[in-house]
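Colleague: For the protein sequence lines, the chains are R and P, in the order given. First residue of the first sequence? That's 1 in the UniProt record's numbering, and the numbers climb one at a time after it. First residue of the second sequence? That's 1 in the UniProt record's numbering, and the numbers climb one at a time after it.
Hints are supplied without guarantee of correctness; some may be wrong.
Said to hold, decoys possible - Calculated pairs, DSS-like style, for lysine-lysine (alpha carbon to alpha carbon, straight line, at most 25 Å):
# : chain 1 : residue 1 : chain 2 : residue 2
1 : P       : K541      : R       : K497
2 : R       : K282      : P       : K541
3 : P       : K277      : R       : K282
4 : P       : K277      : R       : K277
5 : P       : K191      : R       : K497
6 : P       : K33       : R       : K282
7 : P       : K497      : R       : K191
8 : P       : K97       : P       : K143
Claimed, not checked - Interface residues of chain P toward chain R, partial, derived using beta-carbon atoms under 7 Å:
#  : residue
9  : R229
10 : A241
11 : H260
12 : S279
13 : D302
14 : N458
15 : Q474
16 : M535
Source of the hints: derived by calculation from the structure; they are not laboratory data. Idealized CB from N, CA, C, for every residue including glycine.
2 protein chains.
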Amino acid sequence: MSEPQDSTQPAARAGSPGPSKNELKKRAKEAEKAKKAAERAAEKVAKQEELKKAQALADENDVSKAFYGKLPLNQSQERSNRARNQISSLSNFVEQKVLLRARVQTLRAQGTKMVFFLFRQRIDTVQGLLLVEEGKVSKQMAKWAGNIADETIVLIEGTVKQTQEAVQSATVSDVEIHISQLHIIAEPQMKLAFSVPDASRPDGMEDPEKQFKNILLDTRLNNRVIDLRTPTNQAIFKLQAAVSELFRQFLGSNGFTEIHSPKLQGAATESGASVFKVSYFKGSAFLAQSPQLAKQMAIAADFERVYEIGPVFRAEDSNTHRHLTEFIGLDLEMAIEEHYHEVMELLDQLFLHIFKGLRESHRKEIETVGKQYPADEFKWREGPEGTLKLTFAQAVDLLVEDGVERSILDDINTENEKRLGRIVKAKYETDYFIIDKFPMELRPFYTMPDPNDHTVSNSYDFFMRGEEILSGAQRIHEPGLLMEQMRGKGVDPESMKGYVDAFRLGCPPHGGGGIGLERVLMLFLKLNNIRRATMFPRDPKRLEP
Amino acid sequence: MSEPQDSTQPAARAGSPGPSKNELKKRAKEAEKAKKAAERAAEKVAKQEELKKAQALADENDVSKAFYGKLPLNQSQERSNRARNQISSLSNFVEQKVLLRARVQTLRAQGTKMVFFLFRQRIDTVQGLLLVEEGKVSKQMAKWAGNIADETIVLIEGTVKQTQEAVQSATVSDVEIHISQLHIIAEPQMKLAFSVPDASRPDGMEDPEKQFKNILLDTRLNNRVIDLRTPTNQAIFKLQAAVSELFRQFLGSNGFTEIHSPKLQGAATESGASVFKVSYFKGSAFLAQSPQLAKQMAIAADFERVYEIGPVFRAEDSNTHRHLTEFIGLDLEMAIEEHYHEVMELLDQLFLHIFKGLRESHRKEIETVGKQYPADEFKWREGPEGTLKLTFAQAVDLLVEDGVERSILDDINTENEKRLGRIVKAKYETDYFIIDKFPMELRPFYTMPDPNDHTVSNSYDFFMRGEEILSGAQRIHEPGLLMEQMRGKGVDPESMKGYVDAFRLGCPPHGGGGIGLERVLMLFLKLNNIRRATMFPRDPKRLEP
Numbered sequence: 001m002s003e004p005q006d007s008t009q010p011a012a013r014a015g016s017p018g019p020s021k022n023e024l025k026k027r028a029k030e031a032e033k034a035k036k037a038a039e040r041a042a043e044k045v046a047k048q049e050e051l052k053k054a055q056a057l058a059d060e061n062d063v064s065k066a067f068y069g070k071l072p073l074n075q076s077q078e079r080s081n082r083a084r085n086q087i088s089s090l091s092n093f094v095e096q097k098v099l100l101r102a103r104v105q106t107l108r109a110q111g112t113k114m115v116f117f118l119f120r121q122r123i124d125t126v127q128g129l130l131l132v133e134e135g136k137v138s139k140q141m142a143k144w145a146g147n148i149a150d151e152t153i154v155l156i157e158g159t160v161k162q163t164q165e166a167v168q169s170a171t172v173s174d175v176e177i178h179i180s181q182l183h184i185i186a187e188p189q190m191k192l193a194f195s196v197p198d199a200s201r202p203d204g205m206e207d208p209e210k211q212f213k214n215i216l217l218d219t220r221l222n223n224r225v226i227d228l229r230t231p232t233n234q235a236i237f238k239l240q241a242a243v244s245e246l247f248r249q250f251l252g253s254n255g256f257t258e259i260h261s262p263k264l265q266g267a268a269t270e271s272g273a274s275v276f277k278v279s280y281f282k283g284s285a286f287l288a289q290s291p292q293l294a295k296q297m298a299i300a301a302d303f304e305r306v307y308e309i310g311p312v313f314r315a316e317d318s319n320t321h322r323h324l325t326e327f328i329g330l331d332l333e334m335a336i337e338e339h340y341h342e343v344m345e346l347l348d349q350l351f352l353h354i355f356k357g358l359r360e361s362h363r364k365e366i367e368t369v370g371k372q373y374p375a376d377e378f379k380w381r382e383g384p385e386g387t388l389k390l391t392f393a394q395a396v397d398l399l400v401e402d403g404v405e406r407s408i409l410d411d412i413n414t415e416n417e418k419r420l421g422r423i424v425k426a427k428y429e430t431d432y433f434i435i436d437k438f439p440m441e442l443r444p445f446y447t448m449p450d451p452n453d454h455t456v457s458n459s460y461d462f463f464m465r466g467e468e469i470l471s472g473a474q475r476i477h478e479p480g481l482l483m484e485q486m487r488g489k490g491v492d493p494e495s496m497k498g499y500v501d502a503f504r505l506g507c508p509p510h511g512g513g514g515i516g517l518e519r520v521l522m523l524f525l526k527l528n529n530i531r532r533a534t535m536f537p538r539d540p541k542r543l544e545p
Numbered sequence: 001m002s003e004p005q006d007s008t009q010p011a012a013r014a015g016s017p018g019p020s021k022n023e024l025k026k027r028a029k030e031a032e033k034a035k036k037a038a039e040r041a042a043e044k045v046a047k048q049e050e051l052k053k054a055q056a057l058a059d060e061n062d063v064s065k066a067f068y069g070k071l072p073l074n075q076s077q078e079r080s081n082r083a084r085n086q087i088s089s090l091s092n093f094v095e096q097k098v099l100l101r102a103r104v105q106t107l108r109a110q111g112t113k114m115v116f117f118l119f120r121q122r123i124d125t126v127q128g129l130l131l132v133e134e135g136k137v138s139k140q141m142a143k144w145a146g147n148i149a150d151e152t153i154v155l156i157e158g159t160v161k162q163t164q165e166a167v168q169s170a171t172v173s174d175v176e177i178h179i180s181q182l183h184i185i186a187e188p189q190m191k192l193a194f195s196v197p198d199a200s201r202p203d204g205m206e207d208p209e210k211q212f213k214n215i216l217l218d219t220r221l222n223n224r225v226i227d228l229r230t231p232t233n234q235a236i237f238k239l240q241a242a243v244s245e246l247f248r249q250f251l252g253s254n255g256f257t258e259i260h261s262p263k264l265q266g267a268a269t270e271s272g273a274s275v276f277k278v279s280y281f282k283g284s285a286f287l288a289q290s291p292q293l294a295k296q297m298a299i300a301a302d303f304e305r306v307y308e309i310g311p312v313f314r315a316e317d318s319n320t321h322r323h324l325t326e327f328i329g330l331d332l333e334m335a336i337e338e339h340y341h342e343v344m345e346l347l348d349q350l351f352l353h354i355f356k357g358l359r360e361s362h363r364k365e366i367e368t369v370g371k372q373y374p375a376d377e378f379k380w381r382e383g384p385e386g387t388l389k390l391t392f393a394q395a396v397d398l399l400v401e402d403g404v405e406r407s408i409l410d411d412i413n414t415e416n417e418k419r420l421g422r423i424v425k426a427k428y429e430t431d432y433f434i435i436d437k438f439p440m441e442l443r444p445f446y447t448m449p450d451p452n453d454h455t456v457s458n459s460y461d462f463f464m465r466g467e468e469i470l471s472g473a474q475r476i477h478e479p480g481l482l483m484e485q486m487r488g489k490g491v492d493p494e495s496m497k498g499y500v501d502a503f504r505l506g507c508p509p510h511g512g513g514g515i516g517l518e519r520v521l522m523l524f525l526k527l528n529n530i531r532r533a534t535m536f537p538r539d540p541k542r543l544e545p
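Just chain R, with the same shape it has in the complex:
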């Protein structure tokens, strides 16, 4: 850079040969330019210094400095044992100080002095308001707060205030939190595949005018951790837990014992075709496709009434809305005194207990799910007439009356099951019914034949909204007949010796059934796809996450 010319130097000295007039003009111009640049530079420096000073002063004067910011990584540094609040019960704390951890679902800064938040805990949301206030909340704090990312986990301290109007966007709408302190506990460090509000929109809202395209199920499942944060999913999995709990509750009070049977099996049992093979040290094992054999052996071992809740594995390459390669089986088996209807009726009572329990104690969750997946409320027959029970033959008659050709009704396929569901719903006003007495040839080898008609079996299926959710039967407890039936179905009794021997050791008459947990949930809530009823679903094409 050239030295700035001294503009105070006289432009011409007498008696000396001087520059031309033009040259002088030019120099003067340059000098003026340089002067201005110098002035600007000086001004800039001064301004920066002023800004620095102002910032320092501002920081020094930020009364809120301790009231916001990012907390250090929690490594259990300290423990104050201060109680935390839940959004769901904030209405009971009006005008009181509260402390809570929540997600920032969304936020919106209004000018420089106000930030609105929507805080979320599971299925509950509440509005938060950060307002600049002399001596309490600084402008700096508001600016910082306005830049918090969605889905950040924050620690909020504030006062609960009654709202003048209901806050439409929040589930807790009669109060809001006036924030006095706000700290970040953890924040997203990658772009979210979609937002939680978008993932919570009903399927029906895929309306071009509304400028929202529904998030595809596959996208959801690929980003399941975000997807599971929707109130819908929080509610679905609360309800999933409730179904199991009601199942256990009913069976526990009816003399059943919970058992756990091994999933690793030495032989591919029942029907070898759909069993996963496992490398087992130097040999092989197979994954149990049901606890059928084990629970029957428990009956032969005098456990009388047993149930199991556990994974079952099906190596079927079925890519439908209702098939998974791994799902949770709710299985039970019980000794009978006289008749397999003892089991069938107990199973019916069990389902009624589950339906009633969901309706009575989980209305909030059912309504939450209904907002995203609207459904007619699940209906069943109550009162003295009881559950509708049809025989297979009667079910076929209903379909024939409805126009299905009898010749194809040796079995009722999925399509005709759904049709039957619609017929029954129209005629009997129920989404839940039982079909009894299936043809023998449709059932597995361990099914007890009817005493009078050997083409028919002592077996039943239960249906919800036209889909099978339970399959069960009286089982054969006599080894001679069992082996005969095995051979008839192409199963070598020698390949299942341990199982057959259980009956050679004397086994009481018994029956049972197996329920698919996710199917019950899917059909009760009408989710239309079993993956929505499974936290991390597995199908032939999905093993992650």
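Given the structure of chain R, go ahead and fit chain P onto it with the hints provided.
Modeller: Using the frame of chain R, we list chain P on its own:
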């Protein structure tokens, strides 16, 4: 056969050449012989006919004919809905008629007119008495009853009678059943490997003088259906169910949600070495060795507090008293507000709830097991001082004081764990304690380091009778630190992207633990082998039954 000679024929005729005198004598002798044989034959026939007639007459006159015999195979032919009784409550039915299904554990005929039975239902037994009585119980019925095989399932009708002296062999000893009807429902069709009474004898009774050799565990497991019929095993598996129930009860009332995570995994996670590989259509899958990753992802998905009860799989070739390749994990995970001791203390309360629940509501089962596997009652500290909590460093000091060389105590091996258990029992009178703050290098990559000393971690183990039954910790919820720790332990973060991403999406601080159901049961009851606490155990050498 030669025609019998006519002995009435004159021995000699005058005038004709006759046989010699000797010949005649011989003939006479033979004739006599033949006559006697004929008489005997006639007598035999007559006797047989007489017997037949007598039998026919007896059958016709068998007043008990309808009161005994083998029932036709139960195919649900009919249903009377007659109520059945339970052995356990027979004392309430003195002088009343009862009807029940039970096993014949043993029987003993006394003369031709009396048969004593010991009937069994699960852990209850009662004496039955069949007494010939004019017009009611025939001799034929008594004879038939005396030949019933052990372990036959019978339907008994009779009257409950107070006994004059307590029946020592029965659990219900103040009454017995005077049998009026007895029918076979199902009977063994093969030789039993051992009897239920033999399988019920305490291990300590392997005394040559008592002429009884204990049945080997392997023999029991090979014949598990019979073995499980012992009152001991009936009680063990009632208690197993109780542990799960108490676990759920406590967590349910503390805001936890039950979840189900997939056992089929796309990648061999955590530590690839001990994972079973599964053929999955055209590719491979792996069996989850814990629900660790899934339950942490549930926390990142805002479920707050979750638990799971399900099988976990370990492909470790460990053939010890406490290792299985498949066992039931009781796993939980929860968000923490400030400190991981929130989890540790909740886990402690959980264990105390389980211990108390077993002691208070399952005394009968614990006593039943104690008869076969005698044990000091499980002890824990109650009252204000609470559970003993040691740091790893304090535990090491205790071992050093006891004579173990400090140089080998970088880790506490199984042997020293047991030794520590004995030291603690002697010093603090408890079978249950906690060790906190394990060295970082002993824990998995997802363990949170201590804030002040990075060689130590925020992790803990729980112990029962000197064996570890729970391992847990605060987990790392910050993706940067998590990846750093993964690399430090030789795990490529890219291989577990879905898991790491869960933390990139913002995850609250959290911690948890995993409990082995069978271990808790084994140690509470002091069964000394985990296979005794598992219905159908799986180890590197056993996949059956």
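Colleague: For each hint, tell me whether it holds in the structure or not.
Modeller: Going through the hints against the structure:
At roughly 18 Å between alpha-carbon atoms, K541 of chain P and K497 of chain R fall within 25 Å of each other, so this suggested pair holds. As the CA atoms of K282 of chain R and K541 of chain P are separated by approximately 10 Å, the hinted pair is consistent with the 25 Å bound. Restraint check for K277 of chain P and K282 of chain R: satisfied, since their Cα atoms lie roughly 12 Å apart, inside the 25 Å limit. Restraint check for K277 of chain P and K277 of chain R: the C-alpha separation of about 9 Å stays at or below 25 Å, so the hint holds.
Under the criterion of a C-alpha separation no larger than 25 Å, the hint pairing K191 of chain P with K497 of chain R is consistent with the structure, at around 15 Å. Taken as a hint, the K33 of chain P and K282 of chain R pair is broken in the structure, with Cα atoms around 77 Å apart against an allowance of 25 Å. Note on K497 of chain P and K191 of chain R: the hinted pairing holds, with a Cα-Cα distance of about 15 Å set against a maximum of 25 Å. A C-alpha spacing of about 23 Å is found between K97 of chain P and K143 of chain P, which places the hinted pair at or below 25 Å, so the restraint holds.
Because the smallest distance between the Cβ of R229 of chain P and any Cβ of chain R comes to about 5 Å, under 7 Å, the interface hint for this residue holds. Taking 7 Å as the C-beta cut-off, the interface hint given for A241 of chain P holds, the closest approach to chain R being about 4 Å. Taking 7 Å as the C-beta cut-off, the interface hint given for H260 of chain P holds, the closest approach to chain R being about 5 Å. Taking 7 Å as the C-beta contact cut-off toward chain R, the hint placing S279 of chain P at the interface holds, the least distance being around 5 Å.
A cut of 7 Å between beta carbons decides the hint on D302 of chain P: the least distance to chain R is about 5 Å, and the hint holds. Interface hint status for N458 of chain P: upheld, as the beta-carbon distance to the closest one in chain R is roughly 5 Å, under 7 Å. With its C-beta approaching chain R no nearer than about 6 Å, Q474 of chain P sits inside the 7 Å limit, and its interface hint holds. Interface hint status for M535 of chain P: upheld, as the beta-carbon distance to the closest one in chain R is roughly 6 Å, under 7 Å.
In this structure, only the earlier hint numbered 6 is contradicted, and the remaining ones agree with it.
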